[in-house]
Amino acid sequence: MDTVLLLLAAAIALHLLRARYQRGRIILLGRHLSSFQLERHMETLTEGYARAIGEQDPSRQRQVLEMFAQTENAVASQVQSLADLLQKEPAESTRMGMLPFCVPYVERLLPSMTRDFRQLLQIHAAGLRHVADNGEQWDPKSRAFHLSAELYLFQHSCHWFCKSRTVADARLLARHKVTHQKVLESVCAQTRNAYLRWQQNTSTP
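In terms of full-length UniProt numbering, the sequence shown has 131 at position 131, counting the first letter as 1, and numbering is strictly consecutive.
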(Lines of atoms letter the chains of each structure in order from A and count residues from 1; the text may use other names and numbers.)
(Lines give C-alpha, C1' and ligand atoms only; values in the text may rest on other atoms or scores of the structure.)
Protein backbone atom coordinates (compact mmCIF):
# COMPACT_ATOMS: atom_id res chain seq x y z
CA MET A 1 0.00 0.00 0.00
CA ASP A 2 2.82 2.39 0.88
CA THR A 3 4.43 1.73 -2.50
CA VAL A 4 1.17 2.45 -4.32
CA LEU A 5 0.71 5.69 -2.43
CA LEU A 6 4.28 6.75 -3.17
CA LEU A 7 3.84 6.02 -6.86
CA LEU A 8 0.55 7.91 -6.90
CA ALA A 9 2.12 10.90 -5.14
CA ALA A 10 5.05 10.85 -7.58
CA ALA A 11 2.68 10.73 -10.55
CA ILE A 12 0.67 13.67 -9.23
CA ALA A 13 3.83 15.65 -8.53
CA LEU A 14 5.14 14.97 -12.05
CA HIS A 15 1.82 15.98 -13.57
CA LEU A 16 1.79 19.28 -11.65
CA LEU A 17 5.43 19.96 -12.55
CA ARG A 18 4.78 19.26 -16.23
CA ALA A 19 1.67 21.46 -16.23
CA ARG A 20 3.60 24.33 -14.65
CA TYR A 21 6.46 23.91 -17.13
CA GLN A 22 4.14 23.86 -20.13
CA ARG A 23 2.15 26.83 -18.85
CA GLY A 24 5.36 28.85 -18.72
CA ARG A 25 6.08 28.00 -22.34
CA ILE A 26 2.57 28.87 -23.44
CA ILE A 27 2.87 32.24 -21.68
CA LEU A 28 6.26 32.91 -23.28
CA LEU A 29 5.11 32.20 -26.82
CA GLY A 30 1.68 33.76 -26.29
CA ARG A 31 3.24 37.00 -25.12
CA HIS A 32 5.00 37.37 -28.44
CA LEU A 33 2.13 36.06 -30.57
CA SER A 34 -0.23 38.64 -29.07
CA SER A 35 1.55 41.30 -31.11
CA PHE A 36 0.41 39.68 -34.35
CA GLN A 37 -2.68 38.37 -36.12
CA LEU A 38 -1.22 35.07 -37.22
CA GLU A 39 -4.06 32.87 -36.03
CA ARG A 40 -6.66 34.96 -37.89
CA HIS A 41 -4.55 35.10 -41.06
CA MET A 42 -3.93 31.34 -40.97
CA GLU A 43 -7.64 30.67 -40.58
CA THR A 44 -8.40 32.99 -43.50
CA LEU A 45 -5.92 31.19 -45.75
CA THR A 46 -6.94 27.69 -44.70
CA GLU A 47 -10.63 28.36 -45.31
CA GLY A 48 -9.92 30.34 -48.48
CA TYR A 49 -7.77 27.63 -50.00
CA ALA A 50 -10.44 25.01 -49.24
CA ARG A 51 -13.04 27.19 -50.96
CA ALA A 52 -10.79 27.67 -53.99
CA ILE A 53 -10.15 23.94 -54.33
CA GLY A 54 -13.91 23.45 -54.47
CA GLU A 55 -14.23 25.71 -57.51
CA GLN A 56 -14.89 23.72 -60.67
CA ASP A 57 -13.89 26.51 -63.06
CA PRO A 58 -10.06 26.76 -63.25
CA SER A 59 -10.15 30.48 -64.03
CA ARG A 60 -12.44 31.14 -61.07
CA GLN A 61 -10.17 29.01 -58.87
CA ARG A 62 -7.19 31.10 -59.92
CA GLN A 63 -9.07 34.32 -59.15
CA VAL A 64 -10.00 33.12 -55.66
CA LEU A 65 -6.44 32.04 -54.89
CA GLU A 66 -5.00 35.34 -56.09
CA MET A 67 -7.25 37.18 -53.64
CA PHE A 68 -5.10 35.97 -50.74
CA ALA A 69 -1.76 37.44 -51.84
CA GLN A 70 -1.90 40.22 -49.24
CA THR A 71 -2.72 37.81 -46.41
CA GLU A 72 0.04 35.43 -47.52
CA ASN A 73 2.59 38.22 -47.42
CA ALA A 74 1.31 39.35 -44.03
CA VAL A 75 1.77 35.84 -42.60
CA ALA A 76 5.30 35.57 -43.97
CA SER A 77 6.24 38.99 -42.58
CA GLN A 78 4.69 38.35 -39.19
CA VAL A 79 6.36 34.96 -38.74
CA GLN A 80 9.68 36.63 -39.53
CA SER A 81 8.94 39.33 -36.96
CA LEU A 82 8.02 36.66 -34.42
CA ALA A 83 11.27 34.82 -35.12
CA ASP A 84 13.23 38.05 -34.65
CA LEU A 85 11.47 38.78 -31.36
CA LEU A 86 12.25 35.31 -29.98
CA GLN A 87 15.94 35.91 -30.67
CA LYS A 88 15.89 38.24 -27.68
CA GLU A 89 14.86 35.43 -25.33
CA PRO A 90 17.61 33.53 -23.45
CA ALA A 91 18.66 30.25 -25.06
CA GLU A 92 17.62 28.17 -22.05
CA SER A 93 14.05 29.45 -22.36
CA THR A 94 13.77 28.44 -26.01
CA ARG A 95 15.25 24.94 -25.96
CA MET A 96 12.73 22.20 -26.79
CA GLY A 97 12.99 18.49 -26.11
CA MET A 98 13.36 16.00 -28.96
CA LEU A 99 11.73 13.16 -27.03
CA PRO A 100 8.12 12.36 -28.01
CA PHE A 101 6.86 13.30 -24.55
CA CYS A 102 7.39 16.33 -22.35
CA VAL A 103 10.25 16.14 -19.86
CA PRO A 104 10.07 19.25 -17.63
CA TYR A 105 13.31 21.24 -17.68
CA VAL A 106 14.94 18.84 -20.13
CA GLU A 107 17.09 21.75 -21.31
CA ARG A 108 18.82 21.63 -17.92
CA LEU A 109 18.87 17.87 -17.44
CA LEU A 110 19.67 16.66 -20.96
CA PRO A 111 20.69 19.62 -23.12
CA SER A 112 21.97 17.31 -25.86
CA MET A 113 18.39 16.07 -26.31
CA THR A 114 17.11 19.55 -27.13
CA ARG A 115 17.08 21.95 -30.07
CA ASP A 116 16.63 25.71 -30.23
CA PHE A 117 13.10 26.87 -31.06
CA ARG A 118 14.51 30.23 -32.18
CA GLN A 119 16.39 28.52 -35.00
CA LEU A 120 13.28 26.60 -35.97
CA LEU A 121 11.23 29.79 -36.24
CA GLN A 122 13.84 31.27 -38.57
CA ILE A 123 13.49 28.18 -40.76
CA HIS A 124 9.72 28.63 -40.89
CA ALA A 125 10.02 32.34 -41.63
CA ALA A 126 12.44 31.76 -44.51
CA GLY A 127 10.29 28.97 -45.94
CA LEU A 128 7.08 30.98 -45.80
CA ARG A 129 8.75 33.94 -47.48
CA HIS A 130 10.18 31.67 -50.18
CA VAL A 131 6.77 30.20 -50.98
CA ALA A 132 4.94 33.53 -50.71
CA ASP A 133 7.39 35.08 -53.19
CA ASN A 134 6.90 32.05 -55.45
CA GLY A 135 10.51 31.71 -56.49
CA GLU A 136 9.71 28.24 -57.82
CA GLN A 137 7.11 29.68 -60.22
CA TRP A 138 4.37 27.31 -59.05
CA ASP A 139 0.88 27.67 -60.43
CA PRO A 140 -1.58 29.20 -57.90
CA LYS A 141 -2.99 25.84 -56.80
CA SER A 142 0.46 24.28 -56.21
CA ARG A 143 1.63 27.40 -54.43
CA ALA A 144 -1.40 27.30 -52.12
CA PHE A 145 -0.71 23.60 -51.43
CA HIS A 146 2.89 24.29 -50.40
CA LEU A 147 1.98 27.36 -48.37
CA SER A 148 -0.67 25.38 -46.49
CA ALA A 149 1.97 22.79 -45.62
CA GLU A 150 4.34 25.52 -44.42
CA LEU A 151 1.62 26.90 -42.15
CA TYR A 152 0.74 23.47 -40.78
CA LEU A 153 4.39 22.74 -40.00
CA PHE A 154 4.79 26.11 -38.29
CA GLN A 155 1.70 25.44 -36.19
CA HIS A 156 3.03 21.97 -35.35
CA SER A 157 6.31 23.48 -34.14
CA CYS A 158 4.50 25.92 -31.85
CA HIS A 159 2.47 23.10 -30.29
CA TRP A 160 5.62 21.01 -29.93
CA PHE A 161 7.41 23.84 -28.13
CA CYS A 162 4.50 24.46 -25.77
CA LYS A 163 3.45 20.85 -25.12
CA SER A 164 5.29 17.93 -26.75
CA ARG A 165 5.84 16.36 -30.14
CA THR A 166 3.19 13.72 -29.46
CA VAL A 167 0.60 16.40 -28.67
CA ALA A 168 1.66 18.39 -31.75
CA ASP A 169 1.28 15.30 -33.97
CA ALA A 170 -2.17 14.58 -32.54
CA ARG A 171 -3.40 18.15 -32.98
CA LEU A 172 -2.15 18.27 -36.56
CA LEU A 173 -4.01 15.08 -37.39
CA ALA A 174 -7.18 16.17 -35.57
CA ARG A 175 -7.34 19.67 -37.03
CA HIS A 176 -6.09 19.13 -40.56
CA LYS A 177 -6.42 15.36 -41.13
CA VAL A 178 -2.77 15.07 -42.13
CA THR A 179 0.32 13.53 -40.55
CA HIS A 180 3.52 15.33 -39.65
CA GLN A 181 5.44 13.23 -42.20
CA LYS A 182 3.04 14.17 -45.00
CA VAL A 183 3.30 17.86 -44.11
CA LEU A 184 7.09 17.66 -44.09
CA GLU A 185 7.00 16.06 -47.54
CA SER A 186 4.73 18.86 -48.80
CA VAL A 187 6.69 21.95 -47.73
CA CYS A 188 9.24 23.47 -50.08
CA ALA A 189 12.64 21.75 -50.32
CA GLN A 190 14.30 24.71 -48.61
CA THR A 191 12.18 24.28 -45.48
CA ARG A 192 12.34 20.49 -45.48
CA ASN A 193 16.14 20.33 -45.79
CA ALA A 194 16.71 23.00 -43.12
CA TYR A 195 14.18 21.34 -40.80
CA LEU A 196 15.89 17.95 -41.11
CA ARG A 197 19.29 19.52 -40.44
CA TRP A 198 17.83 21.22 -37.38
CA GLN A 199 16.48 17.89 -36.12
CA GLN A 200 19.77 16.06 -36.69
CA ASN A 201 21.94 18.70 -35.05
CA THR A 202 23.67 17.08 -32.08
CA SER A 203 25.42 20.20 -30.74
CA THR A 204 24.67 21.26 -27.19
CA PRO A 205 23.97 24.88 -26.16
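Calculated directly from the structure, the hints in this document are not laboratory data. Hints may be right or wrong, so weigh each one.
Said to hold, decoys possible - The calculated BS3-like cross-link candidates involving lysine-lysine, where the alpha carbons are at most 25 Å apart (straight line), are:
| # | residue 1 | residue 2 |
| --- | --- | --- |
| 1 | K177 | K163 |
| 2 | K163 | K88 |
| 3 | K141 | K182 |
| 4 | K88 | K141 |
| 5 | K163 | K141 |
Run the distance test for K177 versus K163: straight-line Cα separation, threshold 25 Å. holds, 20 Å
For the pair supplied as a hint, K141 and K182, confirm whether the alpha-carbon distance does not exceed 25 Å. Distance ~18 Å between K141 and K182 Cα, so the pair holds.
Would the hint linking K163 and K141 be met if the CA-CA limit is 25 Å? Violated, because 33 Å separates the two Cα atoms, which is more than 25 Å.
Distance restraint between K88 and K141, which requires alpha-carbon spacing of 25 Å or less: violated, 37 Å
Agreement of K163 and K88 with the hint, judged by alpha carbon distance not exceeding 25 Å: holds, 22 Å
Hints 4, 5, counting from the list given before, are not met by this structure.
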